[in-house]
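Participant: Protein chains in written order, with the working numbering: chain A, -3 to 279; chain B, 13 to 290; chain C, 20 to 351.
Take the hints with a grain of salt, since some may be wrong.
Said to hold, decoys possible - No more than 35 Å apart at the CA atoms, straight line, and that leaves these computed lysine-lysine pairs for DSBU-like:
| # | chain 1 | residue 1 | chain 2 | residue 2 |
| --- | --- | --- | --- | --- |
| 1 | B | K138 | C | K249 |
| 2 | B | K234 | B | K186 |
| 3 | A | K5 | B | K132 |
| 4 | B | K233 | C | K249 |
| 5 | A | K39 | C | K177 |
| 6 | B | K234 | B | K177 |
| 7 | B | K186 | B | K138 |
| 8 | A | K5 | B | K186 |
| 9 | A | K5 | B | K138 |
| 10 | B | K138 | B | K224 |
| 11 | C | K243 | B | K132 |
| 12 | C | K243 | B | K138 |
| 13 | C | K243 | B | K224 |
| 14 | C | K243 | B | K186 |
Source of the hints: derived by calculation from the structure; they are not laboratory data.
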Amino acid sequence: MSPRLVWRKSVSVMMLSLTGVCALAGVSVLLFILGYLLWYGGKYINWDFVTQLPKPVGETGGGMANAIVGSAKLLLLAALTGVPVGFFGGVYLSEFGGKTFAFLVRYTTDLLNGVPSIVMGIFAYTVVVLPMRHFSTLAGGLALGVMMIPIAVRSTEEFLRAIPTALREGALALGASKWKTIVKVVIPAAAGGIVTGIMLDLARVAGETAPLIFTSFNNRFWSSGWNQPIASLPVMIYTYALGPYDDWHRQAWAAGLILLLLVLAANIVARTVLARRSTAREM
Amino acid sequence: MATLQGMSAMEKTPTKMEPDEVSKPSNGRPQPKLLVSALNFFYGKRQALLDVTIQIPENRITGLIGPSGCGKSTFLRTLNRMYEIVPHARAEGRIELDGQNLMELDAMEVRRRVGMVFQKSNPFPKSIFDNVAFGLRVNRIVRRGELHEAVERSLRRAALWDEVKDSLHDSAYKLSGGQQQRLCIARALAVDPEVLLLDEPCSALDPIATAKIEELLFGLKKLCTVVLVTHNMQQAARVADVTGFFLLGRLIEFNTTEVIFKTPASRQTEDYITGRFG
Amino acid sequence: MATPSIAVARPAPSRFPRPGGARAFVERLRSGDEIAHLITLIFASTILFLTAWLVYELWVHSALPRQTFGLGFLTASTWDPVFEHFGALPFIYGTVVTSALGLLIAVPIGVGAAIFLAELAPHGISEALTFSIELLAAVPSVIIGLLGIFVLVPILRKVVEPFLKATLGFLPFFQGPAFGIGFLAAGLILAIMVVPFIISISRGILLAVPTEQREAALALGATKWESTWKVVVPYARTGIMGSVFLALARALGETMAVTMVIGNDPKISASLFAPGYTIAAAIANEFTEATGDLHLQALIELGLVLFFLTILINAFGRILILVTTRKGTSRE
Ligand SMILES: Nc1ncnc2c1ncn2[C@@H]1O[C@H](COP(=O)(O)OP(=O)(O)OP(=O)(O)O)[C@@H](O)[C@H]1O
Ligand SMILES: [Mg+2]
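Isolated chain A (complex conformation) (with noise of 0.2 Å):
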């Protein structure tokens, strides 16, 4: 071998060992922040945590029950305003959609993908906080919801789109209407899949915070109803995080370990979900 050809063979190997190296830096800072909240914020976690108010300011212990509900009724408001539109946009476009209005609403569902969420706030609090002149929930799960359409759109739209023509056509020869075939055949068929997209989308929006600090903004209380100010947990680990008391950096970890666990599960789950599902339609 000329030296030549031993020196371009060992760049080549220098330089792959380098792609290698990235690839392992990539995955190596998922898990320092898997382990380290482990490790950190397990050991703040308790019943407490879990049922308990948090304490007036000064005083330690307490928890974050009412962020924990809040959160969970934030997702919920924002999942019927989302969801509805992005599963039948995401319909009309898979089987109604000709192609210049088409193309308009894809390109438009796009790019509203890429809109930052703390834009999204300023939006739900011009629409709903500006008139009611006071937070609230309902402002909070508005934001959420609009930032959960764009996704809800795409993904509905894939999976019906891989549903086999010959599908429909057997459900057509049999006399069905169109819509029947839709309702009946493609929808069902598609329906797992779609749900996942959905449960990813909602994964997406419970660790916002952005459009939630002057949305649904906070509360040291439970919030009844959907008309007051609400805590929920990435705001609740925001403001924890930043304020000047150890027991609250300790409490910021708790919540950040909680919602870490949940939207990590929710994503292994659904994407769990779909390789299986590609797999299986390969075969």
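On the provided structure of chain A, position chains B and C with the ligands as indicated by the hints.
Facilitator: Here is chains B and C with the ligands on its own, set in the frame of chain A:
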């Protein structure tokens, strides 16, 4: 006679051939450029070549024919060790390039010495010039000042120079299909390979583009040894000096093109030549 | 978002035949088809309507500062709520510097990792690693910020910044007191947040490069690295650029993690150790405390600036990705 022992043992069909036709280049010395003996090839558990033994004569065009899936491409890829990029692919047997064991040489070295042109033309999305210069640059074959000259020489050998000399820095994708394939030939020739493997280079081309490539193959004989896989029997009959017939992973018959097409020894060859199957 | 969805602007022919004519229309109406069409159409239109409404709200509620400052809003460098002087330059500066820094770190690592996953790693390992990298993309930004202030910032303050000052201190970027919080911390945090995007999109694009390209290079005697770096990556270049633009759009709009580590000080400093401010962080911090209408509307105008910036960069990135993936498939 050595050229044919493997397959005659395999098929038990005695084959005759004129020794000076095949194994003796013009200088009168018998010169097999590539010597393959008892080659078995596996994709995982699946065997794609069975006991192939063949001697590829220097400065000749060797045609390889056979029905789809019989292992022609696989065989070609063992000759420059390109099969190694397929996971779980494995070759057993011996291949010699000028008497050196191919497997003991360095793979990059082998591929520089044994060039390859693929079925689908695959120019890089770069300029015509950069395409031809690619191999010269990575292998540092010529000095920087001589690069242009070397590129021109290769393009001339591939009979493309006159068509592209004014647009060397245009994208290669602007060329027609036939021109792109000749560009790929020029790119392969640029590194001065001793052997050029062509895997159905004309299958995607119209008759005129095909004729151009066949014509340039005749010229290439002087420069290097050519192995041409083709589906098209007329093409093999037109350009190949010697022809091998593959069937289900075996080399059924290997002889001068004239013998293969006029008086094949094997029944299977005859059936294939006369279009009774494949 | 966890899995980046790429705008594939393919024409979508309806999958059902549509016979024309009035009789057929009545027929379809009776069977419910037209009603179903109409209902879904209304929801689809809602998306267009919402987007238009969003722009309208941002526009209307930022009228005051537009009238008061005009384009000077973008170029003035004082942000003083007390005297109601609002200039966005420190925020724009902070946003650009932190995003640029984040990309500077994230692009080499992201593209490197994508090369490994697409070209080198065996299928199973590549899938598993990609899975975890997509999980990393799903980690909420407030959690990254939490680790940022309690883990990254102390390390920067005690170790990294003193070290950089000692070795590269002659450069203006690495001077001044080491606070820990500041541009450098925000840039690093952004790098962590956008790297998964770059990896997962670039990997997809590299996987779409035809095998023939690799074969052509290897058959000329190129090494694996030469074939990857001189042929495969250039072939995918436009698409990788697209992924970088999508990552940039995300970095520009990223709010919480940055707010938690940047120091929130509307100053323009050359030093990366200095605290700064970004557009998104300013909105997050000052919105609930805004005193007068002008202050609030100035914040909304910041939102408008951010909106247009990210939309433009996003659209551009998507077009680039579309162009490459098309190139890969249309040359059959
Ligand atoms: N990468 C691979 N993995 C597994 N099996 C393969 C692979 N490539 C080829 N084969 C199998 O090996 C056998 C020989 O294939 P090969 O491509 O060599 O045939 P061929 O003679 O070139 O056919 P064609 O004329 O269609 O190009 C075929 O049965 C094919 O299915
Ligand atoms: Mg073949």
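Participant: For each hint, tell me whether it holds in the structure or not.
Facilitator: Each hint tested on the structure:
1. Restraint check for K138(B) and K249(C): satisfied, since their Cα atoms lie roughly 10 Å apart, inside the 35 Å limit.
2. Restraint check for K234(B) and K186(B): satisfied, since their Cα atoms lie roughly 30 Å apart, inside the 35 Å limit.
3. For the proposed pair K5(A) and K132(B), the alpha carbon gap of about 28 Å is at most 35 Å, so the pair holds.
4. For the hint linking K233(B) to K249(C), the alpha-carbon distance of about 31 Å falls within 35 Å, and the restraint holds.
5. The straight-line distance between the Cα atoms of K39(A) and K177(C) is roughly 26 Å, inside the 35 Å bound, and the hint therefore holds.
6. At roughly 24 Å between alpha-carbon atoms, K234(B) and K177(B) fall within 35 Å of each other, so this suggested pair holds.
7. Restraint check for K186(B) and K138(B): the C-alpha separation of about 11 Å stays at or below 35 Å, so the hint holds.
8. With a C-alpha separation of about 34 Å, the suggested pairing of K5(A) with K186(B) holds against the 35 Å cut-off.
9. A threshold of 35 Å between alpha carbons decides the hint, and for K5(A) with K138(B) the separation of about 24 Å falls inside it, so the pair holds.
10. Using a Cα cut-off of 35 Å, the hinted pair K138(B) and K224(B) holds, with the two alpha carbons roughly 24 Å apart.
11. Taking the CA atoms of K243(C) and K132(B), the gap is near 21 Å; set against the 35 Å cutoff, the hint holds.
12. Restraint check: the Cα-Cα separation between K243(C) and K138(B) comes to about 19 Å, which is no more than 35 Å; the hinted pair holds.
13. With a C-alpha separation of about 33 Å, the suggested pairing of K243(C) with K224(B) holds against the 35 Å cut-off.
14. Using a Cα cut-off of 35 Å, the hinted pair K243(C) and K186(B) holds, with the two alpha carbons roughly 28 Å apart.
Against the hints set out earlier in the document, no violation occurs for any number.
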